[in-house]
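Asks: Here are the chains, one letter per residue:
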Amino acid sequence: MKHRVVITGLGTISGLGLNKQDFWNELIAGHPAIKPIPAIENVHISIGAMVEEFDDSLYFEKSDLPLLDRHSKFAVIAAREAVADAGLSVEDDALQRAAVLVGTGCGGKHTDEETYDQLYKQQRKRAHPLTIPKGMPSASASMVSKHLGSRGPAFVISSACASGAHAIIQAYSMIRSGIADVVITGAADAPFTYGLLKSWESLKITSSDTCRPFSKDRSGIVLGEGAGMLVLESEAHALAREADIYAEIAGVGMSSDAGHITRPDIDGIKTAIRNALDDAGIEPGDVDYINAHGTATMLNDVSETQAIRQVFGVDADSLAVSSTKSMHGHALGASSALELVATALAVKNGVIPPTANFTEADENCDLDYVPNHSIRKNIKVALSNSFAFGGLNAVIALKRYP
Amino acid sequence: MVREQVIEIIAKAAGCKAEDITPDAELASLGLASLDTITLLFDMEETFDITIPNEVIAELVTVDDIVKRISQHREAA
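Chains G and Z, in that order, give the protein sequences.
The letter at position 171 of the first sequence is residue 171 when you use the working numbering, and the numbering goes up by one with no holes.
Every number in the working numbering is 402 more than the matching position in the second sequence, counting from 1.
It is worth saying that the hints were derived from the structure and are not from the lab.
Don't take every hint at face value.
[Said to hold, decoys possible] DSSO-like, lysine-lysine: derived pairs with alpha carbons at most 27 Å apart:
{"#": "1", "chain 1": "G", "residue 1": "Lys348", "chain 2": "G", "residue 2": "Lys380"}
{"#": "2", "chain 1": "G", "residue 1": "Lys146", "chain 2": "G", "residue 2": "Lys35"}
{"#": "3", "chain 1": "G", "residue 1": "Lys121", "chain 2": "G", "residue 2": "Lys204"}
{"#": "4", "chain 1": "G", "residue 1": "Lys2", "chain 2": "G", "residue 2": "Lys348"}
{"#": "5", "chain 1": "G", "residue 1": "Lys125", "chain 2": "Z", "residue 2": "Lys414"}
{"#": "6", "chain 1": "G", "residue 1": "Lys198", "chain 2": "G", "residue 2": "Lys270"}
{"#": "7", "chain 1": "G", "residue 1": "Lys2", "chain 2": "G", "residue 2": "Lys380"}
{"#": "8", "chain 1": "G", "residue 1": "Lys198", "chain 2": "G", "residue 2": "Lys121"}
{"#": "9", "chain 1": "G", "residue 1": "Lys2", "chain 2": "G", "residue 2": "Lys377"}
{"#": "10", "chain 1": "Z", "residue 1": "Lys419", "chain 2": "G", "residue 2": "Lys62"}
{"#": "11", "chain 1": "Z", "residue 1": "Lys470", "chain 2": "G", "residue 2": "Lys125"}
{"#": "12", "chain 1": "G", "residue 1": "Lys62", "chain 2": "Z", "residue 2": "Lys414"}
{"#": "13", "chain 1": "G", "residue 1": "Lys270", "chain 2": "G", "residue 2": "Lys216"}
{"#": "14", "chain 1": "Z", "residue 1": "Lys414", "chain 2": "G", "residue 2": "Lys146"}
{"#": "15", "chain 1": "G", "residue 1": "Lys35", "chain 2": "G", "residue 2": "Lys270"}
[Claimed, not checked] Every beta carbon over 12 Å from chain Z, so not counted as near; a handful from chain G, in silico:
{"#": "16", "residue": "Asp22"}
{"#": "17", "residue": "Gln96"}
{"#": "18", "residue": "Lys204"}
C-beta atoms are modelled at their ideal positions from N, C-alpha and C, and glycine is treated no differently.
Start from the sequences and build out the full structure, keeping to the hints where you can.
Replies: Now the structure itself:
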């Protein structure tokens with residue numbers, strides 16, 4: 001028997017704010033979080049969507065901090081918000097047996113780089129003993145399960161910029177198959193480190209201006225950071241405890257390009273979208289909104305547009321397509337989770353957040369990108385697209401509930 | 403001098419006052435579990451510029467054990 005899967009809790013921390021209410025308010029207002037970042041010597045990337053400074057003591061005991069890499073803090077903060085939003089508490093058996101699946105593209109790079117800096121540059125004799133447990137790629141899953149008291153299966157999934165989508169898809173699969181009835185899932189990333197900024201700089205795809213997805217004068221990606229976390233439940237479990245439901249995850253689609261390591265592949269994108277539609281048992285014409293991968297690179301936005309045109313045919317002209325990366329930036333693995341949160345809120349509220357910073361249409365990007373201003377639209381079905389470096393594609397279809 | 407410094411570091415790690423720490427206090431009774439002890443020894447190594455071999459760690463049970471071990475290293479250095 002296949003169980004239906006619903007979303008009952010949402011949490012975010014991002015450049016748009018420390019909670020999901022700020023996230024949503026800023027998104028529908030079309031306010032980008034992209035700002036100058038603190039200057040680092042020898043780093044040319046000068047803008048980003050960073051999480052504002054926050055007081056650790058509002059979220060954590062002092063004794064918790066030595067084990068929390070920056071991305072793990074994001075994961076725990078957003079997970080707690082999602083759990084509270086779902087009306088679950090640490091006393092609940094449902095939370096205590098919940099699974100925790102966290103996506104991350106970068107993992108504990110802050111911790112690793114700090115230690116490497118001490119060892120390589122400062123020639124220190126020893127590494128801090130918490131470097132491994134704090135910085136290991138799976139640290140965020142451990143920290144979320146520890147701080148929520150969740151003792152179900154817990155692990156990290158990594159697929160670059162689709163990490164959140166793949167984690168959520170795995171969570172969905174576990175509920176659908178009956179392995180779990182409650183899963184805390186999403187993704188966290190914190191890529192503003194010297195080593196990562198220098199490495200992104202070398203790819204020459206970062207904008208020095210702002211993030212303008214699908215706009216003719218788009219100039220590349222703008223990095224972001226944060227976490228988006230969701231509570232997924234079987235429909236039966238959610239109904240039994242009379243939980244509020246944001247949306248149903250109607251289906252998922254994945255594919256890999258088996259090709260170029262960075263160039264998007266139209267066929268790979270199309271396959272993932274088609275697989276999601278098939279899995280959900282819906283026709284292209286049923287889809288009202290697509291939260292695009294929309295990175296604002298020259299290549300992505302054209303490939304994604306062409307793939308959408310080819311899958312949706314004439315129905316493409318009645319679709320609303322927007323990229324919220326224009327506001328929360330490209331938070332790598334966390335982006336796909338933040339975008340699913342945005343998509344769930346769009347479905348629930350009947351409001352589509354815009355593609356911000358849009359200036360001029362590009363003849364090669366000819367869909368309705370909801371430029372600069374949010375629109376009201378009754379959404380029956382929405383897709384969230386995520387296409388990662390390495391050709392790892394993931395699409396999640398949400399359906400309005402009931 | 404070493405003793406005071408060691409106790410100061412332990413007090414900081416345990417989150418208590420130096421004057422509350424007696425020489426025969428066990429690290430575990432101060433709330434320092436194994437990973438905390440490893441971090442504490444790292445702090446000692448950094449402060450005194452010594453290396454405490456893995457083999458002796460199990461013998462470091464009380465505050466005094468650590469004071470003695472570090473004093474030995476200091477004298478040897």
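Asks: Broken hints, numbered, in rising order?
Replies: Hints 2, 6, 9, 15 are the ones this structure does not satisfy, whereas the remaining hints hold.
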